[in-house]
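Order-wise, the sequence lines are chains A and B. Quick note: the first sequence, position 313, residue 313 per my numbering, numbers continuous. Quick note: the second sequence, position 116, residue 116 per my numbering, numbers continuous.
It is worth saying that the hints were derived from the structure and are not from the lab. Worth double-checking, as some hints may not be accurate.
[To be verified] If you want the footprint, here are the derived chain A segments under chain B, 3+ residues with CB under 8 Å: (1) 266–280; (2) 287–299.
[What the hints assert, rightly or not] Here are the computed distance ranges between Cβ atoms for each label pair: (3) A:63 x B:253: 46 to 56 Å; (4) A:148 x B:235: 36 to 46 Å; (5) B:180 x A:50: 50 to 60 Å; (6) B:180 x A:110: 54 to 64 Å; (7) A:148 x B:165: 37 to 47 Å; (8) A:67 x B:253: 50 to 60 Å; (9) A:64 x B:107: 38 to 48 Å; (10) A:245 x B:235: 47 to 57 Å.
[Stated by the list, open to error] Just a sample of chain B residues kept apart from chain A, beta carbon distances all over 10 Å, derived: (11) 89; (12) 101; (13) 121; (14) 192.
Cβ coordinates follow ideal geometry from the N, Cα and C atoms, glycine included.
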Amino acid sequence: MTAVTILENEPRLSVRPRFVSTLLAAGKGLGTVVAVLLFASFGTFALGALAGTSPGAVALGSDATPAAIKAFNHNIGYDRPLLVRYVDWLTSALKGDLGTSWFSGIPVAQSLADRLPVSLSLAGLALLIAVVAGGTAGILAGMKRRTLIDRAITVVSGALSTLPPFVAGIALIVIFSVGLGALPSGGYSPAQAGFGTWLSFLILPAIALSLDAACEITRQLRTGIVAAMDENYVTGAVVRGLTPRRIMFGHVLRNAAGPALAVVGLHIPRLIGGAVVTEAVFALPGIGQLARDSALQGDIPVVQGILLVVLGLVLVSNTIVNVLLERLRPHAARSDS
Amino acid sequence: MNRIRHIIRTNRTARIALIVLAVVAVLVAFGGWLAPYDPLKQGDAILQGPSGSHWLGTDNLGRDTLSRLLAGSRLSVLGAVEATAVGVVLGAIPGLLSVYIGRTGEWLLLRLMDALLALPFIIVAIAVTGVTGGGLHPAMVTVGVLFAPTFFRISRSATLGLRHAGYVEAAELFGSSTTRLVARHVWRKVATPIAVAAANTTGAGLLIVSSLMFLGIGVAPPAPTWGGMLATDLNYLTQAPLAPLAPALLIMATVGALNLLADAIREDTPAARTARVRTPWKERARVNAH
Numbered sequence: 001m002t003a004v005t006i007l008e009n010e011p012r013l014s015v016r017p018r019f020v021s022t023l024l025a026a027g028k029g030l031g032t033v034v035a036v037l038l039f040a041s042f043g044t045f046a047l048g049a050l051a052g053t054s055p056g057a058v059a060l061g062s063d064a065t066p067a068a069i070k071a072f073n074h075n076i077g078y079d080r081p082l083l084v085r086y087v088d089w090l091t092s093a094l095k096g097d098l099g100t101s102w103f104s105g106i107p108v109a110q111s112l113a114d115r116l117p118v119s120l121s122l123a124g125l126a127l128l129i130a131v132v133a134g135g136t137a138g139i140l141a142g143m144k145r146r147t148l149i150d151r152a153i154t155v156v157s158g159a160l161s162t163l164p165p166f167v168a169g170i171a172l173i174v175i176f177s178v179g180l181g182a183l184p185s186g187g188y189s190p191a192q193a194g195f196g197t198w199l200s201f202l203i204l205p206a207i208a209l210s211l212d213a214a215c216e217i218t219r220q221l222r223t224g225i226v227a228a229m230d231e232n233y234v235t236g237a238v239v240r241g242l243t244p245r246r247i248m249f250g251h252v253l254r255n256a257a258g259p260a261l262a263v264v265g266l267h268i269p270r271l272i273g274g275a276v277v278t279e280a281v282f283a284l285p286g287i288g289q290l291a292r293d294s295a296l297q298g299d300i301p302v303v304q305g306i307l308l309v310v311l312g313l314v315l316v317s318n319t320i321v322n323v324l325l326e327r328l329r330p331h332a333a334r335s336d337s
Numbered sequence: 001m002n003r004i005r006h007i008i009r010t011n012r013t014a015r016i017a018l019i020v021l022a023v024v025a026v027l028v029a030f031g032g033w034l035a036p037y038d039p040l041k042q043g044d045a046i047l048q049g050p051s052g053s054h055w056l057g058t059d060n061l062g063r064d065t066l067s068r069l070l071a072g073s074r075l076s077v078l079g080a081v082e083a084t085a086v087g088v089v090l091g092a093i094p095g096l097l098s099v100y101i102g103r104t105g106e107w108l109l110l111r112l113m114d115a116l117l118a119l120p121f122i123i124v125a126i127a128v129t130g131v132t133g134g135g136l137h138p139a140m141v142t143v144g145v146l147f148a149p150t151f152f153r154i155s156r157s158a159t160l161g162l163r164h165a166g167y168v169e170a171a172e173l174f175g176s177s178t179t180r181l182v183a184r185h186v187w188r189k190v191a192t193p194i195a196v197a198a199a200n201t202t203g204a205g206l207l208i209v210s211s212l213m214f215l216g217i218g219v220a221p222p223a224p225t226w227g228g229m230l231a232t233d234l235n236y237l238t239q240a241p242l243a244p245l246a247p248a249l250l251i252m253a254t255v256g257a258l259n260l261l262a263d264a265i266r267e268d269t270p271a272a273r274t275a276r277v278r279t280p281w282k283e284r285a286r287v288n289a290h
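With these hints in hand, go ahead and build the complete structure from the sequences.
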């Protein structure tokens with residue numbers, strides 16, 4: 001019996017060392033993620049305490065006496081210590097309850113659920129464009145290094161990265177909406193109403209949002225490829241008579257993609273944060289618009305809820321990127337600095 | 001100072017970048033004074049193109065675009081500089097110290113920086129501005145705090161690399177205190193990568209400041225800013241499609257000059273200079289300061 005179990009277990013271990021190491025990396029990352037989540041969510045929550053306003057002041061209006069406001073806050077437990085309220089907030093947030101808006105009374109989770117699809121499709125599409133366009137340009141520049149193509153790509157990506165995201169958006173509107181009249185300059189239609197319409201509303205904002213990340217991916221990928229091309233294993237592969245294409249995609253890219261992938265991880269918060277500006281330019285009803293409106297209004301629970309959800313999104317996607325990095329380069333020693 | 005003089009003498013790109021930045025500095029210092037018109041004065045001639053009396057045309061309320069551009073440069077650029085300064089102070093010093101303060105403190109600092117890195121600039125800046133009741137300073141300090149991890153990482157990794165350098169160990173053997181060690185021997189070497197990152201970050205900061213101003217965060221409407229002008233232009237694109245060009249180009253030129261300057265400083269280290277002479281055919285992998 002035991003022999004059978006051992007026989008059954010042994011090949012599994014030797015077949016999946018990589019899977020195990022991936023799991024290990026994920027587990028190691030989890031400790032960090034939890035610590036980061038606690039730090040950042042406490043910061044988010046403490047932000048509300050900085051505000052001079054309270055639910056009582058908002059609900060009772062400007063005519064209320066300080067005593068009435070105090071009583072109201074006491075009734076809903078707002079006068080408890082900050083740490084107690086934080087633990088309370090975080091535990092109910094993990095169960096999906098983010099509280100209700102002070103002004104409209106709508107549950108925060110509901111208004112987020114309404115708007116999240118818009119922001120997620122925008123950020124996802126932008127990420128896709130950034131990876132495809134930036135990746136192609138980076139590989140092209142790295143393969144044809146120090147040719148006209150390489151120089152053109154370097155100059156163009158350098159120039160585009162100085163472009164503020166909203167300027168890119170305005171330029172795209174001027175060209176495609178005002179000039180050609182081909183695409184709508186703003187607004188949104190859900191994917192259920194037709195994929196083509198959905199895409200026509202999202203393509204310009206996604207391009208505008210993706211530029212920054214695309215340029216950075218191009219730059220990192222080019223640098224990585226140029227550095228990897230000088231390695232001995234490339235010389236070895238050339239000597240063995242492999243085709244340039246095979247060397248690039250089989251050997252070089254695997255080693256050169258690490259920094260570029262790390263850039264993707266770093267840019268995910270910026271894609272989600274930058275979406276605020278893009279949403280404003282293209283009048284998209286996403287969480288960025290909600291964040292701006294409720295922050296200017298002083299609707300603290302909504303602001304806190306948005307920050308927490310964005311934080312969760314960023315942490316999840318960063319963990320995915322880290323696991324991918326681990327899979328891509330088995331020898332990747334994750335140094336902490 | 002010698003380094004900077006050397007860079008100006010040897011590097012043409014750096015010279016151009018510095019000239020652009022000097023012009024921007026003049027705009028920041030004297031922009032409001034140079035403006036031909038009152039940047040808030042409204043007129044009847046609205047949404048005009050460039051002409052002799054209005055070099056860059058007028059906006060939707062008949063205000064002179066050039067005057068608004070000049071008067072708006074101070075808030076726009078100083079906001080970016082403020083954010084970078086906060087980031088350098090809150091990032092570089094803890095980064096240096098993190099190597100020396102022991103394991104628990106080090107772990108906590110690293111996780112704190114990870115947490116800051118996970119927060120998106122613009123949403124957090126908007127939230128803080130909204131909660132604290134407005135004003136540009138809360139927004140810029142927030143952005144600066146979120147810039148801190150960049151400087152933290154750079155100064156930490158530079159310090160880690162230096163800790164076992166011969167001259168640092170020698171100083172340690174001679175009995176120099178940690179404070180003296182850091183202040184005298186380590187800090188100077190860390191300063192160069194910090195300067196590179198600061199130039200890059202100021203550029204990124206300008207983009208973020210302009211984005212915030214574009215969203216109407218931190219600055220009340222009539223006051224001119226580069227980002228705010230673009231926001232007004234957006235509403236009149238069909239009548240004046242070229243109006244956003246001037247503020248956009250000004251932002252791009254400033255950011256581009258800062259990035260070029262950062263590249264020039266980065267490439268002018270003594271090691272890089274010898275490497276260039278000895279192995280001109282080999283491209284050096286650039287250290288990414290982002």
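For each hint, the structure was consulted:
1. 266–280: holds (count 9)
2. 287–299: holds (count 8)
3. A:63 x B:253: 46 to 56 Å: holds, 53 Å
4. A:148 x B:235: 36 to 46 Å: Holds, at about 41 Å.
5. B:180 x A:50: 50 to 60 Å: At 38 Å between Cβs, range violated.
6. B:180 x A:110: 54 to 64 Å: holds, 59 Å
7. A:148 x B:165: 37 to 47 Å: Holds: the Cβ-Cβ distance is about 42 Å, inside 37 to 47 Å.
8. A:67 x B:253: 50 to 60 Å: holds, 58 Å
9. A:64 x B:107: 38 to 48 Å: At 46 Å between Cβs, range holds.
10. A:245 x B:235: 47 to 57 Å: holds, 50 Å
11. 89: Holds: least Cβ distance 19 Å, greater than 10 Å.
12. 101: holds, 14 Å
13. 121: Answer for residue 121 of chain B: violated, closest chain A Cβ roughly 5 Å.
14. 192: holds, 17 Å
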